[in-house]
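Chemist: One-letter residues, chain by chain:
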Amino acid sequence: MTITTRSGAPGDTTTARRLTSPTWVRSMRYWMYQYKRTWRGSITTSFLYPVLYLAAMGLGLGSLVKGRVDGVRYLDFIAPGLLASTAMQIGGNESMYPVMAAIKWLRTYFAMLATPLTVIDVLVGHLAWIALRLLMVTSIYLAIMAAFGTVHSALAILAIPVGILTGLAFAAPIAAFAAAQQNDTGFSTIYRFGLIPLFLFSGTFFPIALLPGWLQPVAQATPLYHGVALCRGLVLGRLSLASAGAHVAYLVVLTVAGFVLALRSYRRRLVT
Amino acid sequence: MVVARGLTKRFGDFVAVDGIDFEIGRGESYGLLGPNGAGKTSTMRMIACMSPVTEGTLRVLGMDPAHDGSRIRGRIGIVPQEDTLDLELTVLDNLMVYGRYFDLPRRVIRERAEQLLDFTQLSERAHDKVDPLSGGMKRRLTIARSLISDPEILILDEPTTGLDPQARHLLWDRLYRLKQQGVTQVITTHYMDEAEQLCDRLAVMDGGTFAAEGAPSELIAQYSTREVLELRFRDPDTDTAGIAARLEGLAERFEALPDRLLLYTDDGESALTEVHRLGLAPDSTLIRRSTLEDVFLRLTGRSLVD
Numbered sequence: 251m252t253i254t255t256r257s258g259a260p261g262d263t264t265t266a267r268r269l270t271s272p273t274w275v276r277s278m279r280y281w282m283y284q285y286k287r288t289w290r291g292s293i294t295t296s297f298l299y300p301v302l303y304l305a306a307m308g309l310g311l312g313s314l315v316k317g318r319v320d321g322v323r324y325l326d327f328i329a330p331g332l333l334a335s336t337a338m339q340i341g342g343n344e345s346m347y348p349v350m351a352a353i354k355w356l357r358t359y360f361a362m363l364a365t366p367l368t369v370i371d372v373l374v375g376h377l378a379w380i381a382l383r384l385l386m387v388t389s390i391y392l393a394i395m396a397a398f399g400t401v402h403s404a405l406a407i408l409a410i411p412v413g414i415l416t417g418l419a420f421a422a423p424i425a426a427f428a429a430a431q432q433n434d435t436g437f438s439t440i441y442r443f444g445l446i447p448l449f450l451f452s453g454t455f456f457p458i459a460l461l462p463g464w465l466q467p468v469a470q471a472t473p474l475y476h477g478v479a480l481c482r483g484l485v486l487g488r489l490s491l492a493s494a495g496a497h498v499a500y501l502v503v504l505t506v507a508g509f510v511l512a513l514r515s516y517r518r519r520l521v522t
Numbered sequence: 024m025v026v027a028r029g030l031t032k033r034f035g036d037f038v039a040v041d042g043i044d045f046e047i048g049r050g051e052s053y054g055l056l057g058p059n060g061a062g063k064t065s066t067m068r069m070i071a072c073m074s075p076v077t078e079g080t081l082r083v084l085g086m087d088p089a090h091d092g093s094r095i096r097g098r099i100g101i102v103p104q105e106d107t108l109d110l111e112l113t114v115l116d117n118l119m120v121y122g123r124y125f126d127l128p129r130r131v132i133r134e135r136a137e138q139l140l141d142f143t144q145l146s147e148r149a150h151d152k153v154d155p156l157s158g159g160m161k162r163r164l165t166i167a168r169s170l171i172s173d174p175e176i177l178i179l180d181e182p183t184t185g186l187d188p189q190a191r192h193l194l195w196d197r198l199y200r201l202k203q204q205g206v207t208q209v210i211t212t213h214y215m216d217e218a219e220q221l222c223d224r225l226a227v228m229d230g231g232t233f234a235a236e237g238a239p240s241e242l243i244a245q246y247s248t249r250e251v252l253e254l255r256f257r258d259p260d261t262d263t264a265g266i267a268a269r270l271e272g273l274a275e276r277f278e279a280l281p282d283r284l285l286l287y288t289d290d291g292e293s294a295l296t297e298v299h300r301l302g303l304a305p306d307s308t309l310i311r312r313s314t315l316e317d318v319f320l321r322l323t324g325r326s327l328v329d
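Line order of the protein sequences matches chains A and B.
Numbering follows the numbering used here, with no gaps: position 22 of the first sequence is 272.
Numbering follows the numbering used here, with no gaps: position 272 of the second sequence is 295.
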């Protein structure tokens, strides 16, 4: 047999210049292929979790909450916070084990780097994929929130990009951390001392004004607080431009800083 | 296709590749031989534009890896020492994903994948996941994958390590056919038979430098004799060095091992007659042709490298 003739023959699509895809898109495609395998379970989960959380915490637990929280029903209070927290979890999950797998277990990053792709393509492609996942998950979340009657403003649609930003603000620095690890033991530390405490104490389930005075600035310094505040403000339609700007700025700075760190840590690990 | 001058790779204080020079021509199969840690893989990774050059110059396809790494990698195929296949995807999807890294249209990848799976005898497994495949199949898939972009140079780092003889011979056959199609190959290996089978020219590396370079037959002619006479002694305490001293002049070079004495000579038969005439009675004798292995051991020593 002979293998396809070298490019250059007339009509060969590889040389007949068509629009080329940006290199980071090519690395993102890998994650899409991967997702083909698990998308059914993943999408089901994306629908199921918001229903379970809103039913149990919002309706169930919320029925015990007499009166209003922060001026609204408990269900209305926690729903946007849960959306932001879910974005954080997706951002965290997708930048820990998958990064470790791509470096150590499946060595996918190295396969990519044996092709025209570069380290920056590998990182941007992975983060772009995480952003796409966040887009799916937050959109579904918002749709379910609407079904529960918890969306009170047209601005709520902006909770989707805010959710993506919140997720990336975690994914980028965590990817930087993951790429520097020799094994996955550090990840449980991130969950135990990072994601879970943030989930519980960043204003998702109760206003941080209820925290002891000294803890309030701590809570305000965490990224999830800003994501939660933004989402809540947008969904309830009561956000001032100034505070919105401050929250967004915080999350953007964290994402950019995380990206710079991740690029450094990827270079160190992947190019020797 | 590849030109290196004073090529050097350092990791901190450790010098992995120490100023080597070589040229690889179009259509040539060039081998890098050497014990573990000799610098073969570091050299390969630099040629593959996956590892930056510390010092010296390197040109691949006329381009400088420091500036055109991405363009060069678009025109070469890389078979790394460790497979980087996606075990959870199917055989075909592995080719598809990889081809898409090169931005090949799906249709082109599908056509080539069909040919390549046929070529590597994996067609029947096209829709199976990679994980349960045997080592030989995975290796063949890695080679098929490296060919998806129709590369001008194929870089193979220990392509057959860990494979059974059947799988090795199948791979050799496929690599030989690729060579006939004009694909330039750069191969590292520590199997001497593989180097003799596959390489037009090879370099023996040791401690980051070239100990010798040339065609297999040239290297044998230059660093060994035509034949080797092996005298074997069952008693491990036999003073083989002492015997060698008695046989002085019978061979160009002696090598005394605990249970064996090797005589490097162009005429093994007459050396053996002489050994018998001197009244020596080894437990068994063997006259064989010199191989690349003799060259290799002479150049890099018999002691174990870890």
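Possibly wrong hints are sitting among the right ones.
Said to hold, decoys possible - Okay, derived cross-link-like pairs now, DMTMM-like style, lysine to aspartate or glutamate, Cα gap no bigger than 25 Å in a straight line: (1) A:Lys354 with B:Glu147; (2) A:Lys354 with B:Glu134; (3) A:Lys286 with B:Glu137; (4) A:Lys354 with B:Glu181; (5) B:Lys202 with B:Glu134; (6) A:Lys354 with B:Asp106; (7) A:Lys354 with B:Asp154; (8) B:Lys202 with B:Glu137; (9) A:Lys286 with B:Glu181.
Honestly, the hints are just simulated from the structure, not real lab data.
Chemist: Now, for every hint given, state plainly whether the structure supports it.
Modeler: Hint check results:
no. : hint                   : verdict
1   : A:Lys354 with B:Glu147 : violated (29 Å)
2   : A:Lys354 with B:Glu134 : violated (31 Å)
3   : A:Lys286 with B:Glu137 : holds (22 Å)
4   : A:Lys354 with B:Glu181 : holds (20 Å)
5   : B:Lys202 with B:Glu134 : holds (21 Å)
6   : A:Lys354 with B:Asp106 : holds (12 Å)
7   : A:Lys354 with B:Asp154 : holds (16 Å)
8   : B:Lys202 with B:Glu137 : holds (20 Å)
9   : A:Lys286 with B:Glu181 : violated (33 Å)
Checked against the numbered hints above, the structure violates hints 1, 2 and 9; every other hint is satisfied.
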